[in-house]
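Enquirer: As a plain string of letters, each chain reads:
Protein chains: 2
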Amino acid sequence: MKRIRFNDDTNGLSGECLITELRQDPTTNEWVIIARERSKRPYDFVARKENESVPAFVEDCPFCPGNERLTPPEVAVYRRDLDPLNWAIRIVPNMYPALTPDDVVGGNLDDPHFRAMDGFGFHEVVIESPLHNQTLSTMDISDVNLILRAYQDRYRVLSKKANVKLIITFKNHGTTAGTSLFHPHSQIVAAPVVSNYVSQKRTVAKEYYEKKDRCLYCDINGWEVESRNRLVSETPKFIVFHPYASRYPFETWISPKTHNACFANICSEDMSELAEVLHKTIMKIDNVLGKPDFNYIVHTAPVRDENADFLHWYIQMVPRIWIAAGFEIGSGIYINTSIPEETAKFMIGHLHKSAR
Amino acid sequence: MKRIRFNDDTNGLSGECLITELRQDPTTNEWVIIARERSKRPYDFVARKENESVPAFVEDCPFCPGNERLTPPEVAVYRRDLDPLNWAIRIVPNMYPALTPDDVVGGNLDDPHFRAMDGFGFHEVVIESPLHNQTLSTMDISDVNLILRAYQDRYRVLSKKANVKLIITFKNHGTTAGTSLFHPHSQIVAAPVVSNYVSQKRTVAKEYYEKKDRCLYCDINGWEVESRNRLVSETPKFIVFHPYASRYPFETWISPKTHNACFANICSEDMSELAEVLHKTIMKIDNVLGKPDFNYIVHTAPVRDENADFLHWYIQMVPRIWIAAGFEIGSGIYINTSIPEETAKFMIGHLHKSAR
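Heads up: the sequence lines are chains V and C, in that order.
The first sequence begins at 1 in the numbering used here and counts up one residue at a time.
The second sequence begins at 1 in the numbering used here and counts up one residue at a time.
All the given hints hold, so there is nothing to weed out.
Copies of the same chain are indistinguishable here, so a pair counts whether it falls within one copy or spans any two.
Straight-line Cα separation of at most 30 Å, BS3-like style, residue types lysine-lysine; simulated pairs:
id, residue 1, residue 2
1, Lys160, Lys257
2, Lys284, Lys237
3, Lys237, Lys160
To be clear, the hints were calculated from the coordinates, so they are not data collected in a lab.
Build out the structure end to end from the sequences listed, making use of the hints.
Expert: What follows is the structure, given as structure tokens:
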């Protein structure tokens with residue numbers, strides 16, 4: 001990794017300086033360009049905080065209590081007591097599902113040249129709280145724990161359904177992260193295919209295991225703990241770090257130290273610890289970046305790979321402080337304008353301006 | 001492809017209706033979910049037009065004439081006459097390059113566990129016009145032609161450089177497409193690696209060729225012309241269509257009818273025709289969608305594959321009327337909320353509201 005300088009002798013340019021490097025993502029084999037513009041130090045990603053006050057109840061919000069009729073009927077509900085109106089979490093089919101159980105898994109539909117199948121699957125919304133203005137960073141850790149347990153319960157139900165091959169649990173927080181609904185919620189999609197992208201990661205992890213007899217992700221965790229270069233935090237059971245070949249600035253992974261391919265396999269003690277880690281990590285991102293929009297994704301093994309030696313579940317958090325442009329769309333190579341080693345240090349308050 | 005209905009008997013829901021289907025992209029084998037929300041017909045993507053008046057010259061724009069000192073020295077310049085100040089196109093190194101020729105292609109840098117290389121490569125900016133307020137849809141076709149020829153010239157220069165393996169020419173138009181500079185420009189990145197993504201496309205095309213003895217992209221062009229289902233326009237040498245498994249609403253491909261792996265191989269007559277097709281296609285997108293931000297990418301074979309029988313260059317245009325959310329980031333499967341057959345018909349003015 002080097003600093004470079006334009007040939008400023010020619011025209012008296014002040015010499016823009018940056019650091020650029022190609023890094024290969026060990027989990028996908030895809031390249032990422034790490035090219036921090038000199039002007040973009042980690043603190044330059046901080047958004048201006050808008051102290052908007054959001055009410056706890058919004059009359060026309062379909063996820064607020066009293067408006068339950070505005071969503072499809074619940075597939076699951078978690079309550080605090082016997083009062084049926086006093087729900088803590090509701091899980092409902094998405095009103096605009098990407099995939100639906102009414103469809104049948106079938107082959108080519110009507111085009112002789114192209115491959116398609118009916119949009120079979122499940123698309124559920126986890127309404128995380130009755131309070132409109134709650135977020136994972138403001139709610140109690142026990143509430144976060146219940147959300148994670150709800151994810152786990154839904155995984156167990158959906159993974160038993162015929163033809164379900166991949167379950168993606170994710171959260172879109174904020175408009176730039178892809179949601180127009182403010183009320184705290186996350187989503188679960190159960191798909192009848194394993195995507196190319198997930199297949200590729202599976203192949204990479206399998207090849208690593210066959211060569212080294214060790215889980216790639218367990219090894220990455222070990223390297224991150226050992227070097228501490230990109231480590232954000234560590235608890236008995238989890239590590240939080242900024243991956244070596246992060247595609248996105250401040251991309252943050254939460255990974256279990258103990259090998260486990262499937263999120264739904266977590267025991268309840270570990271889940272409690274995870275709730276605390278997730279809560280704190282979002283709080284940290286909120287504090288450091290000024291409550292950015294973000295996505296998180298629970299990456300977990302494809303269905304029936306739940307006990308694989310070579311796969312490893314983790315949560316990927318992606319603050320939406322980047323835009324994929326023509327280069328990313330066309331090449332699949334992301335340009336990350338920050339350096340994971342720097343952003344991780346910034347997350348833990350260890351970045352000194354003199355490091356410039 | 002089916003319409004579905006929620007169990008509206010349970011709670012008197014009015015029955016949200018949509019159409020959902022999984023389609024496999026024949027060029028990548030990746031799945032795409034086509035899930036048009038009932039509320040989203042093609043005309044619902046039309047942005048509100050802001051008739052902002054942009055001046056032809058902006059004093060502090062680094063790309064405006066007279067400010068040439070604000071960019072690194074030109075690597076190429078196209079002029080209309082002998083007046084050195086009267087340039088038509090300037091090509092300069094990017095001030096904030098993702099890759100730079102000063103770096104050396106080298107192996108692992110400093111981490112024993114991860115693979116990296118110096119950020120060697122070229123990153124150039126094509127300043128497309130001296131006029132700040134010009135766009136490809138407002139300029140003369142001869143000017144568009146000159147831009148395409150400049151791309152071609154730069155390809156020929158950059159592809160000869162040692163260690164260059166992949167050249168991506170692209171345009172980011174508008175802030176949501178990833179650029180903060182309004183002045184019309186595009187970019188060329190010459191990289192020392194072939195990305196996974198491009199490799200995968202190469203493998204898919206090669207396997208198709210080995211099985212069928214035909215170019216996959218030539219066949220796709222033939223199918224699109226034959227069915228006309230997704231055809232937007234056709235000229236003697238080119239077709240414009242919305243791909244079967246479009247990841248993005250109104251994604252538009254311009255593809256040569258004659259087999260050709262490499263954009264730089266185009267003869268000058270074809271280039272003139274392409275200039276007209278590109279100009280008209282952007283005009284059409286501007287008209288139909290209300291001048292959206294967009295990206296386009298010139299997809300062309302990796303360096304040294306320029307004469308491959310199984311690869312095919314094309315231009316991909318992507319209006320920025322979508323957001324990749326957690327599901328896309330986590331699964332690699334894009335949810336396209338429009339139907340290519342419908343958007344193509346809308347582009348040519350053949351969509352009737354009764355089709356709902």
